[in-house]
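Number of protein chains: 2
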Amino acid sequence: MTPPDKIEPLDLWYLEKFSENWGLSLRIKGGIHSAFSGLQRIDILETEEFGRLLLLDSAIMLTEKDEFTYHEMLVHVPLFTHPSPQRVLVIGGGDGGTLREVTRHPQVKEVTHVEIDEEVIRVSKEFFPQLSPGFYDPRVNLKVTDGIRFLKECSPKSYDIILVDSTDPKGPAEGLFTPQFYKDCHNALKEGGILTVQAGSPYFQQDLMARVHKAFRKLFPIARVYLSGVITYGGMWAFALGSKKYDPLQGPSRASKGLPLKYYTPHIHKGAFILPKYIEELLGL
Amino acid sequence: MTPPDKIEPLDLWYLEKFSENWGLSLRIKGGIHSAFSGLQRIDILETEEFGRLLLLDSAIMLTEKDEFTYHEMLVHVPLFTHPSPQRVLVIGGGDGGTLREVTRHPQVKEVTHVEIDEEVIRVSKEFFPQLSPGFYDPRVNLKVTDGIRFLKECSPKSYDIILVDSTDPKGPAEGLFTPQFYKDCHNALKEGGILTVQAGSPYFQQDLMARVHKAFRKLFPIARVYLSGVITYGGMWAFALGSKKYDPLQGPSRASKGLPLKYYTPHIHKGAFILPKYIEELLGL
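Just so you know, the protein sequences line up as chains V and C, in that order.
If you're matching positions, the first sequence starts at 1 in our numbering and goes up one per residue.
If you're matching positions, the second sequence starts at 1 in our numbering and goes up one per residue.
So here's chain V without its partners, still in its complex pose (with noise of 0.2 Å):
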């Protein structure tokens, strides 16, 4: 046989799987990084239509094209929300999408990041530079630690927002779906607080969101979820939401327009609570 000219790359796709029987098939132009951290998978790929694509344990966490429409809303809802936010908790978040959104608000003095895997940051700041420029902002502290080990020994009454920015409920964000997590989240609250967290798929994640959304409405007298369209995460995703005093539905609470962007507007902010019926259901609304 002729050998040929030039060898034509490989048709390879990459299948996440939303449970056994679909998923997303992304065409791939080939790997970037792969490595064990000591706590999950990291690889990292280039696809043909997303730009790059982050997996932890093999699970879609962000790519480079789609990212926004997930950073944006897990942070500006909460944000607009409260009228001054500046004490702000992050848990989990390594890539560093959410900070980079934190730290659009002038009005937030100080981030505390708490991130349990540091090579996720370090891979992050290497790979994903645009979704960096929060590690290096001077509010920014990081601490290298089990977030469920730091809400429990965090002082009462510490933060105006906390965001959890984590993987699915298992392997390492395990316990950050616990009832007593959120306990902790909601004493190291201040008066005004409101905790925000990723709370599944709204498509094949029903029962994570509606156990979330009952935990926090034992917790907080304002308890809501909304959702963002997130294509690389099926489509859409919700969020919980949780504050002891102010209510989203009421609308920003200042101007978004000097921010650069893409998804969230004021109009957003209230719409993204509107759920479908079979959704309302699923939360018992």
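Bear in mind the hints are in silico, worked out from the structure with no lab data behind them.
Where is the CB? At the ideal position from N, CA and C, for every residue including glycine.
You may find that some hints are simply not true.
[As the list claims (entries may be wrong)] Calculated pairs, EDC-like style, for lysine to aspartate or glutamate (alpha carbon to alpha carbon, straight line, at most 16 Å): (1) V:17 to C:110; (2) V:17 to C:48; (3) C:190 to C:110.
[Claimed, not checked] Partner residues aside, some chain V positions facing chain C, computed with beta carbon under 10 Å: (4) 69; (5) 166; (6) 167; (7) 203; (8) 229; (9) 231; (10) 279.
With chain V held as given, fit chain C onto it using these hints.
Relative to the frame of chain V, chain C by itself:
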């Protein structure tokens, strides 16, 4: 080699490509029906996660599990916007889901159903009986013909509502996405009439969505785009609505409480029009 006691079924996956570079993968139990109607290929598969799946020309039309998220939103947003939707024209929608939702409205006196491919109706009646009740409703008149020609020959000011439930703009449906077709629809609408069409994916058919909206803006004093979360269409789908008089943002004109709906609510009626900033920008809003 000793043969096993039992032959395990193959691990079969169907990949719906949204572009050359990504798509949705569904595990398949097996094929139920495959045929070529003369106009298009029709396939019905049994999936593990979503029940039965209908493909036209190898593109997902619907699954049993999530078709309500598309059909309810295509139909009820315009029908609840109009205070008295008596005469309704449905173009396409041979599976019956749109007719099923239209005929839930007691105000509707007459539905003209124009479907180019009678074979889609036949297989849907046989394999998707839960979508079929509208076919047997005495208010529904079926015309097996080309929707483009039907609209061209239609008397002016004939309908309160026109719904275009088409496939992608290639093959039989190509002419259903042209400014001329929308103009013919506009002419066929009564003074308070409303045209609503499926306008593609805000994730992977952004040019199409923007093009349809642009055409609607030229024809109608009120032209808007709204979204529904349709899992098997990539998570989110767009609809374009053009209205001669009634603005959907004024809210529904009457209560939907009596109808057995799973997606549409009076809140979603307005909330579906609240778009992420990048989609607003794609539409020139």
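Here's how the hints hold up against the structure:
Proximity of residue 17 (chain V) to residue 110 (chain C) is assessed by CA-CA distance (about 45 Å); at most 16 Å being required, the pair is judged violated. Between residue 17 (chain V) and residue 48 (chain C), the direct Cα distance comes to roughly 13 Å. Compliance with the 16 Å bound is thereby established for this hinted pair. Restraint check: the Cα-Cα separation between residue 190 (chain C) and residue 110 (chain C) comes to about 14 Å, which is no more than 16 Å; the hinted pair holds. At its closest, the beta carbon of residue 69 (chain V) sits 7 Å from a beta carbon of chain C; the interface hint therefore holds under the 10 Å criterion.
Interface hint at residue 166 (chain V): violated, since its Cβ lies 21 Å from the closest Cβ of chain C, which is beyond the 10 Å cut-off. The closest approach between the C-beta of residue 167 (chain V) and any C-beta of chain C is roughly 20 Å, which is over the 10 Å cut-off, so the hint fails. At a threshold of 10 Å, the smallest CB-CB gap from residue 203 (chain V) to chain C is about 5 Å, leaving the interface hint in force. Below 10 Å, beta-carbon pairs count as interface contacts, and residue 229 (chain V) has one with chain C at about 5 Å; its hint therefore holds.
The interface hint given for residue 231 (chain V) is met, as the beta carbon of that residue sits about 5 Å from the closest beta carbon of chain C, less than 10 Å. Because the smallest distance between the Cβ of residue 279 (chain V) and any Cβ of chain C comes to about 9 Å, under 10 Å, the interface hint for this residue holds.
In summary, the numbered hints that this structure violates are 1, 5 and 6.
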